Amino acid sequence: MTYQHLVISRGRYQLVALTDDAQYSIGDRANYAVLTDSGARVRQDMSLEEARAYLDLLVDQGNARSVDHQPAGLKLRR
1 MTYQHLVISR
11 GRYQLVALTD
21 DAQYSIGDRA
31 NYAVLTDSGA
41 RVRQDMSLEE
51 ARAYLDLLVD
61 QGNARSVDHQ
71 PAGLKLRR
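Residue numbers for the sequence shown follow this note's numbering, so the first one is 1 and each next one is one higher.
FYI, nobody ran anything at the bench for these hints, they're computed from the structure. A portion of the hints provided could be inaccurate.
Pair ranges (Cβ atoms, derived) [claimed, not checked]:
1. Met-1 with Asn-63: 32 to 42 Å
2. Ala-22 with Asn-63: 13 to 23 Å
3. Gln-61 with Ala-22: 29 to 39 Å
4. Leu-6 with Leu-57: 12 to 22 Å
Since this is a predicted model, take the numbers as computed values, not measurements. Glycine included, every Cβ here is placed at the ideal spot set by N, Cα and C.
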């Protein structure tokens, strides 16, 4: 059985650690995956650094799309 442990949640994505153990600490050895908010695995079997970079890429792409689809005259608050 593989357990998923939430590491980071950003936007509609989650970075999770995949382990064979029900317990997990951030220093434990694990594979990592990026999931959608519905739980679908977007990508898996990455290091923590690779998973964070991929999560950042997905979030940035999603933000770029939402900016592209703003009606004219609307400004995003930051």
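12 to 22 Å as the expected CB spacing between Leu-57 and Leu-6, which holds or is violated: 19 Å, holds
Is 32 to 42 Å respected by the C-beta to C-beta distance linking Met-1 and Asn-63? Holds, at about 35 Å.
Gln-61 and Ala-22, beta-carbon distance inside 29 to 39 Å? 33 Å, holds
Tell me if the beta carbons of Ala-22 and Asn-63 are separated by a distance inside 13 to 23 Å. Because 35 Å falls outside the window, the suggested range is violated.
The earlier numbered hint that this structure contradicts is number 2, and it is the only one.
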